[in-house]
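Chemist: Sequence:
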Amino acid sequence: MSDEASRELSEIVIRPFTTGDQAEVRTLILAGLGEHWGWIDETKNPDVDHISAHYAGETFLIAQLGDQVVGTGALIHEQDGAARIVRMSVDKSLRRAGIGSRILRALIAAARQRGYQRIVLETTATWDDAIDFYKRHGFRVIGVWDGDMHFERDIDQEEEAVI
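Position in the sequence shown (from 1) plus 237 gives the number in our numbering.
These aren't lab readings, by the way, just hints derived from the structure by calculation.
Some hints could be false.
Claimed, not checked - Listed next, with one range per pair, are the computed distances between beta-carbon atoms:
{"hint": "1", "residue 1": "S247", "residue 2": "W382", "range": "13 to 23 Å"}
{"hint": "2", "residue 1": "D393", "residue 2": "W276", "range": "39 to 49 Å"}
{"hint": "3", "residue 1": "D304", "residue 2": "R355", "range": "33 to 43 Å"}
Only a predicted model underlies this, so the values are computations on that prediction, with no experimental measurement involved.
Each residue gets a CB set at the ideal place from its N, CA and C atoms; glycine is no exception.
Hey, can you work out the whole structure from these sequences and the hints?
Modeler: Here's what the structure looks like:
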């Protein structure tokens, strides 16, 4: 990576979603799904049509580079003591540059702040890059069913997240 690209990536800001981000976030998430599946049925993802309403009271973060949304991730309540990470997505042209890691660390910090002791998530069982990503960040596989690999990670309340 060039010095210019590294400097540019250091300018990425992780921040909460705002209603003004709606169109760009929806486009980013659906593009990522389309890339993985080869097609996208927009009716299967109604939560991305009204993010503010669907994720009200939850944590929905974006990664922003300049005026462009380049990544997303959300933390939602799963059950007592446990949260779920959903809607992790990074712009294809910027993957493997640490953006997903920064979003994930921020979501783990938010879970800790909200008093959760455990985080769960799932990804398609054939998405090896995503599986490796979550394993590198301390998530362990708890099972595979319905074509999805399910993970969990305990939250160390003393651990500090570096964003």
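Chemist: Need the list of violated hint numbers for this structure, in ascending order.
Modeler: Of the numbered hints, just 1 does not hold.
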